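Peer 1: Take the given structure of chain P and dock chain C to it, following the hints.
Heads up: the sequence lines are chains P and C, in that order. When you line the first sequence up against this note's numbering, it's residues 1 to 446, in that order. When you line the second sequence up against this note's numbering, it's residues 1001 to 1525, in that order.
Everything labelled a hint here was simulated from the structure, so no lab data went into it. These numbers were taken from a predicted model, which means no experiment stands behind them. Certain hints may be false.
Distance windows between CB atoms, simulated [what the hints assert, rightly or not]:
no., chain 1, residue 1, chain 2, residue 2, range
1, P, Lys220, C, Ala1050, 25 to 33 Å
2, C, Ile1031, P, Lys25, 50 to 58 Å
3, P, Asp396, C, Arg1108, 32 to 40 Å
By construction, the Cβ of each residue, glycine as well, lies at the ideal position given by its N, Cα and C atoms.
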Amino acid sequence: MRYLPLSADDRSDMLARVGVDHIDKLFADIPHDKLLDKVLPLPLSKSELEVERILSKMAARNKSASSGPFFVGAGAYKHHVPATVDHLIQRSEFLTSYTPYQPEIAQGTLQYLFEFQTQVAALTGMDVANASMYDGSTGTGEAVLMAHRITKRNKAVLSGGLHPHYGDVVRTLSEMANAEVVTLKPDLRAKEDLIAAIDDTVSCVVVQSPDVFGTLHDLKPIADACHAKGALLIAVFTEVVSLGLVASPGEQGADIVVGEGQSIGNALNFGGPYVGLFATKTQYVRNMPGRLCGETVDAEGKRGFVLTLSTREQHIRREKATSNICTNSGLCTLAFTIHMSLLGEKGLRALAEVNHANAVMLADKLAKLPHVEVINEQFFNEISIRLKGDATKIVDRLAHHGIMAGVPAARLFPDQGLDDVLIIANTEVNTDEDRDALVAALKEAM
Amino acid sequence: MLNRQGRPTTPSHDTTVVHKTFTGNKALQQIEPLIFEIGSTDQTGVDIDAPAPHHKKLGKFERKSPIGLPGLSEPETMRHYVRLSQKNYGIDTGLFPLGSCTMKHNPRLNEKMARLPGFSDVHPLQPQATVQGALELMDTLAHWLVTLTGMDAVAMSPKAGAHGELCGLMAIKAAIIARGEEATRKVVLVPDSAHGTNPATAALIHFEVRSVPVREDGTVDPHVVASLAGPDTAAIMLTNPNTCGLFEKDVVAIAEAIHKAGGYFYADGANFNAIVGKARPGDLGVDAMHINLHKTFSTPHGGGGPGSGPVVLSERLAPFAPVPFIRKTDEGLQLVEDEAEATNHGAHPFGRMTAFHGQMGMYVRALSYMLSHGADGMKQASEDAVLNANYVRACLADLMSLPFGNKPCMHEVLFDDTWLKDTGVSTLDFAKAMIDEGYHPMTMYFPLVVHGAMLIEPTESESRASLDLFIATLRDLAIAAKRGDTERFTGAPYHAPLRRLDETRAARSPVLKWTPPQPILEAAE
Chain P
1 MRYLPLSADD
11 RSDMLARVGV
21 DHIDKLFADI
31 PHDKLLDKVL
41 PLPLSKSELE
51 VERILSKMAA
61 RNKSASSGPF
71 FVGAGAYKHH
81 VPATVDHLIQ
91 RSEFLTSYTP
101 YQPEIAQGTL
111 QYLFEFQTQV
121 AALTGMDVAN
131 ASMYDGSTGT
141 GEAVLMAHRI
151 TKRNKAVLSG
161 GLHPHYGDVV
171 RTLSEMANAE
181 VVTLKPDLRA
191 KEDLIAAIDD
201 TVSCVVVQSP
211 DVFGTLHDLK
221 PIADACHAKG
231 ALLIAVFTEV
241 VSLGLVASPG
251 EQGADIVVGE
261 GQSIGNALNF
271 GGPYVGLFAT
281 KTQYVRNMPG
291 RLCGETVDAE
301 GKRGFVLTLS
311 TREQHIRREK
321 ATSNICTNSG
331 LCTLAFTIHM
341 SLLGEKGLRA
351 LAEVNHANAV
361 MLADKLAKLP
371 HVEVINEQFF
381 NEISIRLKGD
391 ATKIVDRLAH
401 HGIMAGVPAA
411 RLFPDQGLDD
421 VLIIANTEVN
431 TDEDRDALVA
441 ALKEAM
Chain C
1001 MLNRQGRPTT
1011 PSHDTTVVHK
1021 TFTGNKALQQ
1031 IEPLIFEIGS
1041 TDQTGVDIDA
1051 PAPHHKKLGK
1061 FERKSPIGLP
1071 GLSEPETMRH
1081 YVRLSQKNYG
1091 IDTGLFPLGS
1101 CTMKHNPRLN
1111 EKMARLPGFS
1121 DVHPLQPQAT
1131 VQGALELMDT
1141 LAHWLVTLTG
1151 MDAVAMSPKA
1161 GAHGELCGLM
1171 AIKAAIIARG
1181 EEATRKVVLV
1191 PDSAHGTNPA
1201 TAALIHFEVR
1211 SVPVREDGTV
1221 DPHVVASLAG
1231 PDTAAIMLTN
1241 PNTCGLFEKD
1251 VVAIAEAIHK
1261 AGGYFYADGA
1271 NFNAIVGKAR
1281 PGDLGVDAMH
1291 INLHKTFSTP
1301 HGGGGPGSGP
1311 VVLSERLAPF
1321 APVPFIRKTD
1331 EGLQLVEDEA
1341 EATNHGAHPF
1351 GRMTAFHGQM
1361 GMYVRALSYM
1371 LSHGADGMKQ
1381 ASEDAVLNAN
1391 YVRACLADLM
1401 SLPFGNKPCM
1411 HEVLFDDTWL
1421 KDTGVSTLDF
1431 AKAMIDEGYH
1441 PMTMYFPLVV
1451 HGAMLIEPTE
1461 SESRASLDLF
1471 IATLRDLAIA
1481 AKRGDTERFT
1491 GAPYHAPLRR
1501 LDETRAARSP
1511 VLKWTPPQPI
1521 LEAAE
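Excised from the complex, chain P in its bound form:
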């Protein structure tokens, strides 16, 4: 087996050195009747070539986002990732290193985490960001528990524009942690009255902007209403590129900001791995979940970085920790940091403008179609439309013709009367031809 360096001779010599005559003597603590006496009924070892054949065949049964016009979003977005990113994250020293518990030989990881935290704090307009969460949805669940710790209250209010899967993650975690969740109805037009739901038992309000339908929300009045009642505003985003063009949640008064960072540096990957962004105000840092990297000096006074404030964490505090999180999204944070360093402010703004322009152009074209209503008045790169007919059926039909039209709202909100709503994302990868193909196909399908 190509991954195992020991030879048969090595094994017998080493067994002799250990002082046993058979490998199973080293497994003697396993109850004798539980020790497997034959190989399990699974295929035997294979060459690299054979493995490639098997997996390539599976991969070929999937339709990739690059194989035709592609408008699927709703929480994960197809963007172009520069070749530099994927090369760098595959460097052995990044790929095969561990959590930087020995900082003297992990400054590479620690420095990029420090850069990542600084970038995320700047983007979100917050004081401090952690070294990442698993993804935006699990980060949102943790943010709600964090708000409960800070306010010593127990009730979260979720906007109807929050991605319903994020809502499900929050509800699952809250239910299990004996916390209360109030979820507003799907909010197609950003018309919900969140403020009415805030009273002095509410710990936090969770608002997504742009929301799952693509609409931008005014966070400021919600933040003010929260603060008047002693509650916190948790602002969520699933499209981080929007922050290049849209006012940051921090500027609008958010207390905790959580987002999905996949769009920068990371592939679609059928849903994971992604990278959760998590930022807050300085006064809440000791209630924050997840790893934090901080600056310090070494014995010679040279600047260096270490994991810090770990007295919040499970390996020190055990059952008193702020979270059980251990692993973060290491390599995905690196991909984010490198891509963001390539873009810089200038590139991010340009990228965001192209995304927005493409979405505006598509919205204009769609608005001209009979039987189509563009729902959003203000949006970034994603819009929702009402069609004539069942959006799921139309999406399936278009997929058959090589066009990925978007996400039917009913897939995310089953049985909520949204069968005719389609969520359409538009990024820099979409061309005029893509948009024309989509518009023509939708016209024909209705």
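Peer 2: Below, chain C without anything else, positioned relative to chain P:
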């Protein structure tokens, strides 16, 4: 000596003198500033064409303030991150004996496979008819996991080991709720030797943690479990092989004791890599166990993630698995994403762990590893991992102290610091001296049940020659420590890119992001 072009070919003078360099660099060890110190907000390494004219639809939400993100050109970016990478130690650099973390070889075939566009460039919400291969991959991996563990079902979506623990305990809580016993069954038993994530996970969803003391031989006593378990007990969380590197020899009796009390047996699968193909958790009475694909099945640790932590479940817990899950239908594989729909198929999901379907990129890598090894190769890998650890034990037992006696261990060997008593050298010092010798240190001060723990896991990826050199190095260090050569330890590392770092300072006044340097004020008039 000069060659014919007049070029010196031998060192011309004494090479023992070390000169300070102008740059502060030491050849390949380069000092690298932060991007914020070398980039600029006007610079970018990405060419993006200006968009066609359009009317913005941002309402009043257009950003007016600067962000403060510097950019770098492509060559600058490349150099910056390559230089950073050179300050890191990885598995490919050298032996990485970090106990409990399983730093085994990460095959690059896995990376190549994960990047096939059919896996990497697929959206989680595409029509399911267009992702049948991705679902097939998940289903195939699930079959391998269930077969290797002898369990009934697997919840694939947890994003890492601790997330898997959470998923497993949520399934247990859901089962207890279904039994109508949530008001009484609130206690989770956790041995003192457990990973910190175990008690943290239990506490996160409001279980009470009750500690189980570890007996003198480093394992858990089933009689103690029986005496601590009762009608208030929800579960036990037991790592097996445990963090002392020992197989819990009374695991079957422990399972019986917990089941008899009406509780569930959660196994922390962090150390499953020792017994793949040798024993199946399902045969030992386990009800739920997470599997760290990034440990046992070689997906890269990536400097701390991304991980992946599928949870295998017993028949009793399988109905409570979260959405989404895969169902076989006449038209192909179906991903059941909605809880109401899941109920129609006879399931009682406790909820959802994450927005989408879990860590697909890690599934591909893990399956690539499994297919490569096969059932036979994985059994061999477990045996080699255990043999390597025991070889290290046998070769160091005369110099270093084994808290539970010199007897066979599993895939990792645990030493304590008794042997360092009165040397003036601590476990930490010893670890830092290993850095100077070119090794990543072992896990230190964990598990907490022994003093000054040193937990060494060589993995199956090390050749005998590599182990022999490692052993010789540790022997040399151990002899030096006992001889009183303390400076070699207390000041170490001397040769790493940085010397020992001040962690107290970092925690006392946290600096968690870069801020622009303040202009230096003129001296007061």
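Peer 1: Quick check: which numbered hints come out false for this structure?
Peer 2: none
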